[in-house]
Amino acid sequence: MGYYGVCPREAWLMGHALSPFPDHELLALGRLLQETAYREARKEVALPGMRLDLLTKGKDAWVVAEVKRRSGQREAHLLQLGYYLLRLEALGLRAQGELRYPEERRAERVALTPELRARVQEAERALKELLQRPLPPPPKRIPACSGCAYFEFCFVEEKDG
Amino acid sequence: MAKPVYVFSSGRLGRRANTIVLETEERKRHLPVEQVSELYLFGEVDLNKRFLEFVAQKGILLHFFNRFGYYVGSFYPREHLLSGYLTLRQAEHYLDGGKRLDLARRFVEGGLGNVLRLLRREEARGEGLEATLELLEELLAKVGEAQSVGELMALEGRAREAYYRTWEALLGEAWALERSRRPPRDPINALLSFANSLLYTAILAQIYQTHLDPRIGFLHEANYRRHSLNLDVAEVFRPVLADRLVFRLVRRGQVKPGHFLREGEGVFLSEAGRRLVVEEWEKTLQTTYQHRALRRAVSYRTTLRLELYKLEKHLIGEQPYTPYRLR
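Heads up: the sequence lines are chains P and W, in that order. Position one of the first sequence corresponds to residue 1 (this note's numbering), numbered consecutively onward. Position one of the second sequence corresponds to residue 1001 (this note's numbering), numbered consecutively onward.
It should be emphasised that the hints constitute simulated quantities derived from the structure, not laboratory data. Possibly wrong hints are sitting among the right ones.
[As the list claims (entries may be wrong)] Just some of the chain W residues that point at chain P, by a computed CB distance under 10 Å:
#, residue
1, H1030
2, V1033
3, L1086
4, Q1209
5, T1210
6, R1296
7, I1316
8, G1317
9, Y1321
[Said to hold, decoys possible] Using 25 Å as the maximum straight-line C-alpha spacing, the simulated DMTMM-like pairs for lysine to aspartate or glutamate come out as follows:
#, chain 1, residue 1, chain 2, residue 2
10, W, K1313, P, E157
11, W, K1256, W, E1282
12, P, K159, W, E1137
[Said to hold, decoys possible] Not close to chain W: a few residues of chain P, all C-beta gaps over 10 Å, as computed:
#, residue
13, L18
14, S71
15, Q96
16, R125
17, P134
18, K140
19, F155
20, K159
Owing to the predicted nature of the structure, the values given are computational and were not obtained by experimental measurement. A virtual CB, placed ideally from N, CA and C, is assigned to each residue, including glycine.
Chain W with its partners taken away, still in its complex shape (with noise of 0.2 Å):
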């Protein structure tokens, strides 16, 4: 089975038959190509158009990141599982604009639905944090009567703040969120932003499994970014992998201030702390559970493709788009 590696070495790559080669200044690393689905390069990486090109026929997908650990980008090779009809399903479900504000309600309502079940959760540890649940239940009520996919953001990001504003009472005042993204100013905006990039490039991954194309969302404009399906599915995924992600990292004591870069502004994880990050986010995609509709043990990796296989259903008009729930 194919999995996706993780780059942090500095070196070139490079294809020897049908291998994929890191050479790096130590070592050269062979990586089998049936066994990569996905290459992550935090190094600085050399390669060229032929490397490209072989990795597009094996549809491997490239993820780059810049030296602070931040997303730059991704080699999406062309679409090789492309159903005419399905994409014409999603473009007129992103054209008509009745269809389009239910989708986006759907992963707004999902995505607060799961941070609304996780601070119930934390709620039952005793943090205190009735105002706030008060606060998002008013708002996910409000879901449904939103008129336009700019209300529905908007509803969103009041949620999201308020909803951070949390993270003191739940991890302590070292770890107080404020959001700032570019660039982050303090470890637990550098850490959070990791983890959310992180889940953007795994839902990436699981779209090319299928017949979506991630240029076209519903709740994220279309054309705003080069892929936008990929934040919608996120909407719904933040707070169940991103999120507890980071708290278990935390109330662990796994990350530490030696994670951590200050380089003007802006705060970075070092490469010590990418991998820690990144190790223990392959174990959460790789934790299975029993899914109680197929009755079959699936991953948290394949739980983000079923999720693009409900959308899938919704489009072809077969079964509405319900989201995962929080369990």
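Excised from the complex, chain P in its bound form (with noise of 0.2 Å):
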């Protein structure tokens, strides 16, 4: 879902499980974030399709809390985090949400308004649809092209001369 937000063609790869480069450097980075951030609270909670970074006991409700390095890609951290909120809600879990930027020291609270929920739910049918599809969107050259560790695999092509 978070990678839909970014890009509909590594949404595709990853739904296709064609996962990326490994030894690329930012992925690592991302490794080594996910290791050693919030070492206390209880982190990485597989549920059922989703894998939580963080999941603490607040005073009222859980908190669901979305761990990035950058908050370059907000909206795609939202969507991913709505995702979460939404599940969750599923399962009759009542939950909150935080986007955390450990590098950036920074939190953000974030609730399942109506309109989160709507685009959420939006981006969820796309999604199903994108992944229907026989081929991957074409690359299309974008800002987060330049880290990312598919970069290689959507624009290598033997060029003439």
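With the hints as a guide, bring both chains together as one complex.
Printed below as a string of structure tokens:
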């Protein structure tokens, strides 16, 4: 879901288990962040169809957090988190969301507003449709490409000359 | 960044916490596991299952060579990148005769095309290769008409023979090449076999970083050898990387008679000879150039992986595979 918000091609590739180059520097950084940030909290909680970065017990509800390095793709992170909140609600769990950017020392509360709910549902529908397609959407150069572990896969071709 | 480590000495390989330890009679060598992508084992090395489990968990490949420097085989840890989707596409392209032939043709065309480009450059130095060039062009033209993988292999074999016959003119009488493999009967065969096995294992290591199954080749029969996809891809890169490595080593006078040992019918590289070739080979793979499509500097090692990406894109039906062109 988070991938869909950034790049539909990436979402298609991920959806077909074509995971990116594992030795990519930024992927390694992400893993490191995952391991080192918020050591005290419950982490990496796996529920059917989702893996939550962080789950803590708040005052009157669970708090689900999505941990990222940079807030540049905040919209995509929001969709991802909204998706978790929707799924937890369906499981009968009351939860609140939080976007966390430890390197930026920032955390932001996210509630499942009707607006976010509608956006997540729309993205879910579009994603399902996308994954049905026989081919991934063609690569398109966007700013996110420069740091993407799929960059070489997407843009490699043999040019004449 | 993880790199291959070449081990020439004999001793014991073990695990101490998160470190690979090579214990020889003289010393202990510690290799942080995060910095190792592959281990090339040339010496007599003892290791145990605990060690294999450790390297498997870390996704490190082991390549074994016997005391003559012959490639024996690889320990290829269980696939860590799996895409059922891509595996099915790869199998489909093997099972469907038309699709398989199409891919096999592309590998032969790529390899032959690169041999031609290499020889044309040599021709520019005035080596008198017109007849061979003509024959190779003729054979290349026939690749499109070949009706079976067997025909392709035969074409490829004829082309290779003609190409190898030029080595005497290119490298001098002492390095005239008539191919003999098991065992290599002279220094040039020993050198070329060793360079080729380094190429095969380097490609295998890159296949491990993708979703491709190394057992399913298209030109080289699956099951004929345990790994065959790397042989297909090597077809394209042998002239580019292995042959040119041999040319450089010979022309610079880096390989010397002392680098070879004779044993019975065979001729083998000595340890010093192997060290020399491996060192130059690593330099080759780490050499970078500006990639036209990516508009980024890439190394030849990365180039091998890029080739596999192009193949993946062919298999999922996104873009027909065009082999790497020697430049």
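Violations among the numbered hints, reported as their numbers in ascending order: Per hint list: 1, 2, 13, 17, 19 and 20 violated.
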